[in-house]
Structure formats: C-alpha cells, structure tokens
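**Student:** Read off the chains here:
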Amino acid sequence: MKTKKKWYDYLWIWSILFFTLGFFNILFAWLGMIDFLLPVFLAVFGGNKFFCNKLCGRGQLFQMLGAKYHCSRNKPTPSFIYSKWFRYGFLIFFLAMFANMVYQTYLVAAEAAGLREAIKLLWTFSIPFGWTYTAGSVPDWIAQYSFGFYSLMLTSLLIGLVFMVLYKPRSWCAFCPMGTMTQGICKLRQKIKND
Amino acid sequence: MAVLSKRVISVERENCVACGTCIKECPRNAVSVYKGCYAVVDLQLCVGCGKCAKMCPTGCMETAERGA
Numbered sequence: 001m002k003t004k005k006k007w008y009d010y011l012w013i014w015s016i017l018f019f020t021l022g023f024f025n026i027l028f029a030w031l032g033m034i035d036f037l038l039p040v041f042l043a044v045f046g047g048n049k050f051f052c053n054k055l056c057g058r059g060q061l062f063q064m065l066g067a068k069y070h071c072s073r074n075k076p077t078p079s080f081i082y083s084k085w086f087r088y089g090f091l092i093f094f095l096a097m098f099a100n101m102v103y104q105t106y107l108v109a110a111e112a113a114g115l116r117e118a119i120k121l122l123w124t125f126s127i128p129f130g131w132t133y134t135a136g137s138v139p140d141w142i143a144q145y146s147f148g149f150y151s152l153m154l155t156s157l158l159i160g161l162v163f164m165v166l167y168k169p170r171s172w173c174a175f176c177p178m179g180t181m182t183q184g185i186c187k188l189r190q191k192i193k194n195d
Numbered sequence: 196m197a198v199l200s201k202r203v204i205s206v207e208r209e210n211c212v213a214c215g216t217c218i219k220e221c222p223r224n225a226v227s228v229y230k231g232c233y234a235v236v237d238l239q240l241c242v243g244c245g246k247c248a249k250m251c252p253t254g255c256m257e258t259a260e261r262g263a
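These protein sequences, in sequence, are chains U and H.
94 is the number that the working numbering gives to position 94 of the first sequence; each next residue is one higher, with no gaps.
Just remember that the working numbering sits 195 ahead of the position in the second sequence, which is counted from 1.
Calculated directly from the structure, the hints in this document are not laboratory data.
Please note that a few of the clues may not be correct.
Dumping the calculated DMTMM-like pairs for lysine to aspartate or glutamate here, alpha-carbon to alpha-carbon at most 25 Å [what the hints assert, rightly or not]:
no. : chain 1 : residue 1 : chain 2 : residue 2
1   : U       : K187      : H       : E209
2   : H       : K219      : H       : E257
3   : U       : K54       : H       : E207
4   : H       : K246      : H       : E257
5   : U       : K4        : H       : E207
6   : U       : K75       : H       : E260
Chain U on its own, in the form it takes in the complex (with noise of 0.2 Å):
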C-alpha cells in the first residue's frame, strides 16, 4: 500500500544544493528565504504544516542518513527538548538572532560597518568566507545578509546533524524553530476558530 514516491520526496537534494551553492557563491543564501518564507505562508494562509510534513528538504536528508543510511543513535530525545518552554525559548533566541543579522545587514547598508566576508557558525567562531564573493559585484548590505543567512542555515544544520547522531534522525524537528513557530500558527488559528 505505500504510495508512489512523489517529486517532493527528492527535496533532499535541495538542502544539499543550497550549501553547495553557497560554498561558491554566497549570494545563492537567499534562496534560503524560501525555506523561511514558504513555511510560515502555508501556516498562516493554510493552516497547515505541509512543509515539515512533505516538503522539508532538511528533514528527508536528516531521515536518510539517520534512518537509511544508519548514522543515528535512534535513542530517544531527551524529553526537556521538546518541552514547550525549550521549544518557544530556541524560537525566541533563534529569532532575536535572526534579528541581530538583518541589523548588521542595515549597519552595512548605511555605511556604519564594513562587509565581513566571513561565516559565523553557532553564532560564536567566525569562518572566513571570502572566496564565495567578488567584492563590488552587488550592493554590500546584499552580501552581508547572505553571510549571515547561509552562516545561520548552517549552524541550524549542523545543530541538527548532531541530535540526528546522538537521538533518532529527525530530533531536531522536536525543536526546529520554524516547526514550532508554524505549529504555534496552525494552534493559534484553530483557537480562534474555535472560540
């Protein structure tokens, strides 16, 4: 009875291809906007978490290597991950941090900092990253913002790549800020539908 595979269970290439591109060129970070973008859309204006479910590319390479390809554990995450305050605590951080990027993204565009032709992973050690980018070639409030958005895709990443070792393939879906802001929508507008 297991249904045909459908053209969306291939979206594991796409979260490799993303990195792959970004190693060569850092402006391709943006397409990463719509990994951030389509969520929240189909939460807000559908109600549903079609993404996590079907289309998360992230998800299906985390299921493939740790279930397919054995490369986890598969011991139980530790219950005060998915806890409710861990979960909406991860978001809040996860989003301030987000924010701080977009403002080093607006000191670049107003000429109060310089571009950094850099990476910084798990929001602490700073990677060079200078080959990824020919100085000049767009504006540099653009660059910088791929910087940050590739540097916060792959601290994500390989957050997520060490609980998929560590517990089963998809623990990181357990507290996956974009899960738990689209799944807090898709609570929220049952509720209001509701009362």
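We have chain U already, so just place chain H on it with the hints.
**Tutor:** Showing chain H alone in chain U's frame:
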C-alpha cells in the same frame, strides 16, 4: 468487516510537534497531521506495527491495546 489488529498506535498530542515523520513511515497511510497541530491515527487502517513510534522524534506515539 475486516478483522482489526489487536494493537494500535496512540498519540500523546501534548508532546507532538506535528513534524510529520510518522506520515512518511506509515506503510498503510494511516497517519495524518490534523491542521498542523498534532498527528492523528486512523484506527481502521492502523495495524499497530510501531514504525511511526520508532521514528517519532519526541516519542509521543506508542503501541497500545485497541480500545484500551
């Protein structure tokens, strides 16, 4: 009337993050996510194989006696 399995999956909604890992695991397409809020199992289709429970990142699914 088809014979139903002795065991089925029960979902603890409070812990479900509605990620949909279970949907892809289910060999009988018995699981769906209700309006982006939590997973629901169609008990007419579920045979309690536990594949979804094995993959669930929050462990909110477990096999239970049918009707329990």
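**Student:** Does E209 of chain H sit within 25 Å of K187 of chain U, going by the straight-line distance between their CA atoms?
**Tutor:** holds, 12 Å
**Student:** For the pair we were handed, K219 of chain H and E257 of chain H, check the Cα-Cα distance against 25 Å.
**Tutor:** Holds. K219 of chain H to E257 of chain H sits at ~17 Å (cutoff 25 Å).
**Student:** CA of K4 of chain U to CA of E207 of chain H, is that 25 Å or under?
**Tutor:** This hinted pair is violated, its Cα atoms lying about 29 Å apart.
**Student:** Check whether the Cα positions of K75 of chain U and E260 of chain H lie no farther apart than 25 Å.
**Tutor:** Since the Cα atoms of K75 of chain U and E260 of chain H sit roughly 24 Å apart, the hinted pair holds (cutoff 25 Å).
**Student:** Checking one constraint from the list: CA of K54 of chain U to CA of E207 of chain H, max 25 Å. Satisfied?
**Tutor:** holds, 22 Å
**Student:** Starting from K246 of chain H, check that the Cα of E257 of chain H is at most 25 Å away, please.
**Tutor:** holds, 10 Å
In this structure, the one hint that does not hold is number 5.
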